[in-house]
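Residues per chain are reported as follows:
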Amino acid sequence: MTQAANSFSLERGLNAWREEIDAPVAAFFSSCVHCGLCAQACPFYVETEDPQYTPIHKLEPLRLLWEQEYTVWGKLKKLARDRIDAKLGRASKPLITDEMLAQWEPLLYDSCSMCGRCSMVCPVGNDIHYMIRKAREGMVASGHAPEGLVAASVRAVNTGSPMGLQWKTLDVQIKHVETATGLEVPIDREQADYLVLLSSMEIINFPEYLEALTKIFAHADVSWTLSKDCFEATNAGIQIGSKDIAATLVQRVVDAAEQLKVKYVISPECGHAYTAIRWEGPNAIKRAYPFKVYHIIEVLDQLRADGRLKTEGKEMDRLSMHDPCNLARKSGVVQQQRRLMDLVADDFVDLKEHGEFQWCCGAGGGVSSNERAEPLKLAAFKRKKAQIEEVEPERMVTMCATCRTQLEEGLEEFSMDIPVVGLTEMIADHLVEKEKAEQS
Amino acid sequence: MTSMDFLLFAKGPMFSIAVAIFALGILVRLFEILALGRAHNYAAARGNEIIPGLKTVYRRFNPDPGTFKRSTFDVVVGTLWHVGFVIVLLLFIPHIELIESTLGLGWPGLPNPIVDALTAITLLGLVAVLIHRFKHPVKRFLSTREDYLIWLVTFLPVLTGYLAYHRLINPYPLALGLHILAAEIFLIVLPFTKLTHIFTAFLARYYNGAIFGRKGIQS
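Chains as they are written, first to last, in the working numbering: chain A, 64 to 503; chain B, 775 to 993.
So here's chain B without its partners, still in its complex pose:
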């Protein structure tokens, strides 16, 4: 198999398989959550559920001052690499072209040097959070093999993307093929691990805001 064969495999059949597993997997996950439903609440409500629920979805991007003070590293580095990851994923021009060719939906991208800088920041951020996970007593105590696995499958697409862009792996078709494969592994692993939080965190935040909102507190 030449590097070109590998790239064609990664872009072709493997891509379809990965997207299918991802889409079906996530649908099943969301369905199995929502299907559980909620018991009827007989207590007279003090407040609304929907608006506070939606507000909490937004508010958890922006932690309270006490949390910021006590967990500055988590808030700053955590936000930085998440934002970096999402911008690089959605605003790098070749990524947009791929999305447009798959879904028929496109939007303007960012200049390559900006995406390049954000990629570097994301990589450094991911390395920093891994070190933090090893060193922080609570994080180390809580961490399971799955936590390290999802770190790895998140790190690899960013790393291979960076290496491919800078032509640090040769030949180029191999570099690009590895990057695409890493992204596919991410998609395949996502529905079976806590990477699902990419979707379910919005649901969790909504429920949190709705539960507190009913009692008249904006959480």
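Same shape as in the complex, but just chain A:
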């Protein structure tokens, strides 16, 4: 990325957009009547009431390009304008400028977590987040991506982790897990069924995840492995909006999976890592995978359905759940986490708007890697906070390390004493000991 810095230009950005404009984009832009209903679906608008955060407005530069170059009417208008300018002997005003993109950068990054809620409510059916994702491609190529995300992408490409985390750090954690559980954490085991990926944020903030997973897989006799070559599931390229970086990072996962000949790859408790590998990855590398991709929650629910998860006892306090946008609305995993909750929670209450209509925590889509967005990230969290206050849980459960960090930090900021737990750990806490399970 750093060497390529000089090659960022407005023209490259516009070309990236030209590549992204497809029939859905044209149908969406043709249909918007400026009703503004997308604003009331967006936590960044709802909590700031600043009209510039209206989702469809974030796409205005892309819309201008589409109208001028992809509609007959727009082309005619340009022709007429150019003739008038020529007659008057003045230079044509450029349609899109670097200044304009600089102005739109905070709109496309700081105030959008690509949660996709606007796409669910638009009356004419515009999938706005689909277009935001595309718009970011042009922002990267024109050199208008936020510094924090650029730095994370460079670290991810150079070190394999957006946080610069190395295998030796993970190795220490593996040793610790092995000592604590007396179980082996398999590494580079060929022909294992599942290749387990982790996220750097999880390794640093939530080491309990790896321990929980090790226990559950031993309990259910799952054949799994980590890969020394590739343990990172997250994809900074998807967040910043660069298909090239995304492809480089996804290729590492694919190489590791193919080398170890696994049947399945498991994305950790991380939302965007899952959408990156599950939905965007094959398109980034332009081929279908020879393996299947699951989120850990899907795997756990399948083990439950197969009767391989034997649990005892239940959590007795009042629990509620935050659905990560990437997992629920953007990937269709909604019932799995609820079935797992039923297994281990006695008093579970859903937030009023949940599943496909849940509200984003405010930190996704690269917002949490973008220091400049910090105040907006906290503002957007207020919507989640209001939702939590409605049902008054004693603890929150979630299954994404970014959401979990945001919930913990946000709740602390507002002095709300509501701990946040990962669902995988909660399941691991209720496993029947193996010997006991075998006797029954």
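It is worth saying that the hints were derived from the structure and are not from the lab.
A hint or two may mislead.
Claimed, not checked - From chain B, some residues computed to sit far from chain A (all C-beta separations above 10 Å):
(1) ALA797
(2) LEU863
(3) PRO868
(4) ILE870
(5) GLY878
(6) ILE943
(7) ILE962
Stated by the list, open to error - Facing chain A, from chain B, some residues (calculated, C-beta under 10 Å):
(8) GLY811
(9) GLY821
(10) ASN944
(11) PRO947
(12) LEU969
The C-beta atom is built at its ideal place from N, Cα and C for all residues, glycine as well.
Keeping the supplied structure of chain A fixed, place chain B upon it in accordance with the hints.
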């Protein structure tokens, strides 16, 4: 030019011109959208595309409870005047007769007093949404000249129709001529403005439903 000449012009050559521009314009618009196509998707699908796509076409008529609560005015008044407009357009007996004489396709209409009441509701609804557009911070911020233009070209056919029906403009041929002309302006403007949403919204909804449907979510 007498008012009768004006009516004959509006019903005759002007009508043909308007319908031709509308039909050709809309065909071009739809073609330039569909011709862009979609890239091949290599990710293994969780769900179907076609059925969720069609479901979303229907579901966006009926917003989720959260949207209804947060944007009650938009949902209620927006639905009211759209439904009123479409019913008046398609179920007023003279309109059906015109369609039958042009396309050879007819259907039963509604009694005039019902159409009259719906027209009044549509007019009031349109005035209300215009005021809302001026007052609501998001709408005011987003609105361009085009938004006000399409409001006007939508409002005028309804208004002139109402005035003609109640004989509030005289002589009658002038009233009817103005109504027909207003409808023709609507048809001519349609393909070049976001009035195209009348057609493309169905396409947009389908794509939305298909994109989410593939991932196993009904949008």
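Here's how the hints hold up against the structure:
1. ALA797: It holds; ALA797(B) is separated from chain A by about 15 Å at its closest Cβ, greater than 10 Å.
2. LEU863: holds (18 Å)
3. PRO868: holds (28 Å)
4. ILE870: holds (27 Å)
5. GLY878: Holds, because the least Cβ-Cβ distance between GLY878(B) and chain A comes to about 30 Å, which exceeds 10 Å.
6. ILE943: holds (30 Å)
7. ILE962: holds (13 Å)
8. GLY811: Holds, about 6 Å.
9. GLY821: At about 7 Å, which falls below the 10 Å cut-off, the nearest Cβ of chain A leaves the hint on GLY821(B) intact, so it holds.
10. ASN944: Because about 36 Å separates ASN944(B) from the closest Cβ in chain A, which is outside the 10 Å limit, the hint is violated.
11. PRO947: Constraint on PRO947(B) not satisfied, violated at 34 Å.
12. LEU969: holds (9 Å)
Checked against the numbered hints given earlier, this structure breaks hints 10 and 11; the rest are met.
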